[in-house]
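Asker: Residue numbers (the numbering used here), protein chains in the order written: chain G, 1 to 117; chain A, 118 to 231.
These are calculated hints, taken from the structure and not from any lab test.
Each hint should be verified, as a subset may be incorrect.
[Said to hold, decoys possible] Pair by pair, the computed Cβ-Cβ distance ranges are:
id : chain 1 : residue 1 : chain 2 : residue 2 : range
1  : G       : G71       : A       : G213      : 25 to 33 Å
2  : A       : E132      : G       : E14       : 41 to 49 Å
3  : G       : H10       : A       : S202      : 17 to 25 Å
4  : G       : E52       : A       : S228      : 38 to 46 Å
5  : G       : K54       : A       : H129      : 37 to 45 Å
Here a beta-carbon is modelled for each residue, glycine too, at the ideal position from N, C-alpha and C.
Single-letter residue listing:
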Amino acid sequence: EAGVTQFPSHSVIEKGQTVTLRCDPISGHDNLYWYRRVMGKEIKFLLHFVKESKQDESGMPNNRFLAERTGGTYSTLKVQPAELEDSGVYFCASSQDQGVDVVAEAFFGQGTRLTVV
Amino acid sequence: ILNVEQSPQSLHVQEGDSTNFTCSFPSSNFYALHWYRWETAKSPEALFVMTLNGDEKKKGRISATLNTKEGYSYLYIKGSQPEDSATYLCAFRDYGGSQGNLIFGKGTKLSVKP
Chain G
1 EAGVTQFPSH SVIEKGQTVT LRCDPISGHD NLYWYRRVMG KEIKFLLHFV KESKQDESGM
61 PNNRFLAERT GGTYSTLKVQ PAELEDSGVY FCASSQDQGV DVVAEAFFGQ GTRLTVV
Chain A
118 ILNVEQSPQS LHVQEGDSTN FTCSFPSSNF YALHWYRWET AKSPEALFVM TLNGDEKKKG
178 RISATLNTKE GYSYLYIKGS QPEDSATYLC AFRDYGGSQG NLIFGKGTKL SVKP
């Protein structure tokens, strides 16, 4: 079974440019999450999709970030325009829907390292 | 603001040593605690999900305990091997948080020398 895959693995862009990160979750996983780790800091939650719907986007830093999951399969995270402070590793994770009050294990991708110069 | 602290920040041990590190989290509104093992440029790997006070979980040479009343979890590695070198992350979920809305610590970076 393929794991969570993220593209690209690295991206270097100039301030003001646009970048789109992609995440392909494990097949059959309805839940998809985005996280970000800025260097030297902890991983922070960005948002959670259930199928194509945004369940929780409380961690999205500002309106320069747009996440989509059309059709409830893969997801994209677009940063437009990118700023220097957006540099970091962006992780995607997915999990199965196991019902209320069941804590599902999330499987992570290897991350996309974004550098804004 | 909910905060998760991990200590120590880094740890250097010799092959064969046993080691442990701590994750501290808010003791109120506890829902779940996750432990992950992360090697740079690889995917964080789920080790344990713990939900009940007094939980003890084990996976090979790695085990974890949970105390929700006082807000801490310990991760133990018995007989460390060089391949155990990684950053160990804990992540807390409170009752008010949605699934996946985890609060991570900064991690403990373990280096095991052969």
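Asker: Are K54 (chain G) and H129 (chain A) spaced within 37 to 45 Å by their CB atoms?
Answerer: holds, 43 Å
Asker: Against the range 17 to 25 Å, how does the distance between the Cβ atoms of H10 (chain G) and S202 (chain A) compare: consistent or not?
Answerer: Between H10 (chain G) and S202 (chain A), where Cβ atoms are some 23 Å apart, the hint holds.
Asker: Does 38 to 46 Å hold as the CB distance between E52 (chain G) and S228 (chain A), or does it fail?
Answerer: holds, 43 Å
Asker: Do the beta carbons of G71 (chain G) and G213 (chain A) sit within 25 to 33 Å of each other?
Answerer: This hint holds: roughly 30 Å between Cβ atoms.
Asker: Go ahead and decide if the range 41 to 49 Å is satisfied by the Cβ distance of E132 (chain A) to E14 (chain G).
Answerer: Once the Cβ atoms are compared, 45 Å apart, the range 41 to 49 Å for E14 (chain G) and E132 (chain A) holds.
Consistency with the previously given hints is maintained throughout, with no hint failing.
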